[in-house]
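Participant: The chain contents come next:
Protein chains: 2
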Amino acid sequence: MSELFVTNILGSSAAIPTSLRHTSAQLLQHHNRYFLLDCAEGSQMQLRRYGHPLMKIDHIFISHMHGDHYLGLPGLLFTFHLLGRDKELHVYSPPGMEEIIELQYRISQLRPSFEIRYHELLDGRQIIYSDDRLRVETLAMDHRIPTYGFLFKEQPAPRKIKKSSIRKYKIPIHQMGDIKAGKDYTDADGKVIPNAAITLDPPPPRSYAFCSDTAYTEQFLPQVRGVDLLYHEATFTHDKAVIAREKAHSTAREAATLASKAGAKELLIGHFSARYKELDALLEEAAAIFPRSKLAREGESHVIG
Amino acid sequence: MSELFVTNILGSSAAIPTSLRHTSAQLLQHHNRYFLLDCAEGSQMQLRRYGHPLMKIDHIFISHMHGDHYLGLPGLLFTFHLLGRDKELHVYSPPGMEEIIELQYRISQLRPSFEIRYHELLDGRQIIYSDDRLRVETLAMDHRIPTYGFLFKEQPAPRKIKKSSIRKYKIPIHQMGDIKAGKDYTDADGKVIPNAAITLDPPPPRSYAFCSDTAYTEQFLPQVRGVDLLYHEATFTHDKAVIAREKAHSTAREAATLASKAGAKELLIGHFSARYKELDALLEEAAAIFPRSKLAREGESHVIG
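Chains as they are written, first to last, in the numbering used here: chain A, 1 to 305; chain B, 1 to 305.
Mixed in with the good hints there might be a few duds.
Same chains, same names: a pair is fine if it fits in one copy or spans any two.
Mimicking SDA-like on lysine to any residue, the simulated pairs with C-alpha atoms at most 25 Å apart in a straight line are [said to hold, decoys possible]:
hint : residue 1 : residue 2
1    : 56        : 277
2    : 294       : 257
3    : 277       : 49
4    : 261       : 218
5    : 240       : 110
6    : 183       : 166
7    : 277       : 55
8    : 247       : 114
9    : 247       : 113
10   : 261       : 135
11   : 277       : 83
12   : 277       : 50
13   : 247       : 107
14   : 277       : 299
15   : 168       : 182
16   : 56        : 274
17   : 247       : 84
18   : 56        : 19
19   : 247       : 85
20   : 247       : 102
21   : 240       : 111
22   : 247       : 111
23   : 160       : 180
24   : 240       : 84
25   : 261       : 239
FYI, nobody ran anything at the bench for these hints, they're computed from the structure. Since we're looking at a predicted model, the values are computed, not measured.
With the rest of the complex left out, here is chain A (with noise of 0.2 Å):
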């Protein structure tokens, strides 16, 4: 059975929080990790709200500076010091973080109990984190501000060796992790068993795509082909195409088109405009071109792959 891998929405509105829908943020959890991904004002009561594992979070990941993306964080990591956090804690974010967050502990004459690490993130591709599990890269977005969308891949599966070949083979112990890397097999007379013989291919890397804000843009498609999920801004339906182009946000419309194109199995639209109070107009236009769309509504979970 593979690992959980889900991503729980926290807010999905765009810039206002309204009486329905709280600003952008993500809990993405990864079996027993898990990633924020935006942190809007609230966030920390919407991780509460929902009975999330507030201080297993050990990465933030914050797309671009504006205030609907990340005002939440100063409040959380405040919640964190007064829980006794000791763990350091790592925050990925275009710069200007490390600036905003600790010009307010000077002012507040406050130090974190624990510590913090600022990455900033560049232009270009980067890996920005990785572990034995998963690695995170970023996505090239075409917003107002520098803006970064994350790519969550797991880390290629090693092989898996059946079990009638353990027995026919008198495969030892101290062999496996060679042949699940993918090496032949030599038994004790020297005869060589080709790996494909003995083994099964894994379970093929799940991946989502977190991508918000940004216009319509096709740059990052190479890097999420085949994404399990893609989570992609639709903060207009089409009619608004103009507003939504002059503020560089997609519609519900574009978002599909770039689902399409990538070949993503399923995708989730969000950061909806406050003007929407119901988002069957959104859902509706993004299902008629890609007919496996859903909508980030807060409170819900979605798994990946």
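Given chain A, work out where chain B should sit, using these hints.
Facilitator: Just chain B now, with coordinates in the frame of chain A:
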């Protein structure tokens, strides 16, 4: 009938927002003027939730530069901008707010659609706001960083001329202003009628004092003698008096003692530590010393005077 004078509680949690309570903010309404007292994370959502007229707020008072008292301000300003505000906005706070806000405007490459006038609070009793109906003066608090309470006091109302006197002495309209201001009346024959004989005392000016955060201090008592409603922080019950002192906060018993010494008409306690799920113990402790004690529960409104 006197004009509406009421404080609306938007949040009364200390330090950390809980699933039950937001952090510090109140909307004070006097007739048709709206004053925001503290502006914690989520204040703009709380204003919206309770149907308050966001755009009528022209004056925001921040008690001190701890995050749980001001972190909602950048988001509220951003929302004002997006809603097209053009009226200037006044922000009163200890030093540092302008730097924090302006840094974020610079980094987000946004300029607000309206002018922000920053007023830095300084030590010593200051009258920081005054109009024809109301004035606001600072109160010295005793906290870990510079912190100010705020006393909102109605301007003395004009005296009321008795209707019977107007008829009896045939007082002309053009003299009524002077008489209301306290002057005696000289009639057409040169006869002087003493002011006291023809006027009634106006209703006494009503007042509201907002005191948070602070350790127990009596410094501000002379300014709030007889105040109609004293809001005072009561972060802890008195069994936590040692922690309260360490953190420069007050207990419910201390808040009640101050209300009693001030001769306040009513006490409103708030800024409750997240450790208290139920607030009964805090209220009981205060009421044992000062019976007219009330809890600041969010969503509730308290009429002043």
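Participant: All hints, please: hold or fail.
Facilitator: Status of the hints after comparison with the structure:
1. 56 / 277: The answer is between: 24 Å across copies meets 25 Å, while 33 Å in one copy does not.
2. 294 / 257: within (14 Å within a copy, 58 Å between copies)
3. 277 / 49: Both: 22 Å inside a copy, 15 Å across copies.
4. 261 / 218: Within. Shortest intra-copy distance 9 Å satisfies the 25 Å Cα cut-off; inter-copy 70 Å does not.
5. 240 / 110: Result: close only across copies, 22 Å inter versus 45 Å intra.
6. 183 / 166: within (15 Å within a copy, 109 Å between copies)
7. 277 / 55: between (33 Å within a copy, 21 Å between copies)
8. 247 / 114: between (38 Å within a copy, 20 Å between copies)
9. 247 / 113: This pair counts as between: shortest inter-copy Cα distance 16 Å, intra-copy 39 Å.
10. 261 / 135: within (23 Å within a copy, 63 Å between copies)
11. 277 / 83: between (36 Å within a copy, 17 Å between copies)
12. 277 / 50: both (22 Å within a copy, 18 Å between copies)
13. 247 / 107: Answer is between: at 17 Å across copies they meet the 25 Å cutoff, but 34 Å inside does not.
14. 277 / 299: Intra 17 Å, inter 24 Å, cutoff 25 Å: intra and inter.
15. 168 / 182: within (19 Å within a copy, 111 Å between copies)
16. 56 / 274: between (31 Å within a copy, 20 Å between copies)
17. 247 / 84: between (41 Å within a copy, 15 Å between copies)
18. 56 / 19: So residue 56 and residue 19 pass the 25 Å test across copies only (18 Å; inside, 29 Å).
19. 247 / 85: between (39 Å within a copy, 19 Å between copies)
20. 247 / 102: between (30 Å within a copy, 22 Å between copies)
21. 240 / 111: between (46 Å within a copy, 24 Å between copies)
22. 247 / 111: between (37 Å within a copy, 15 Å between copies)
23. 160 / 180: within (6 Å within a copy, 95 Å between copies)
24. 240 / 84: Between. Shortest inter-copy distance 19 Å satisfies the 25 Å Cα cut-off; intra-copy 47 Å does not.
25. 261 / 239: within (22 Å within a copy, 65 Å between copies)
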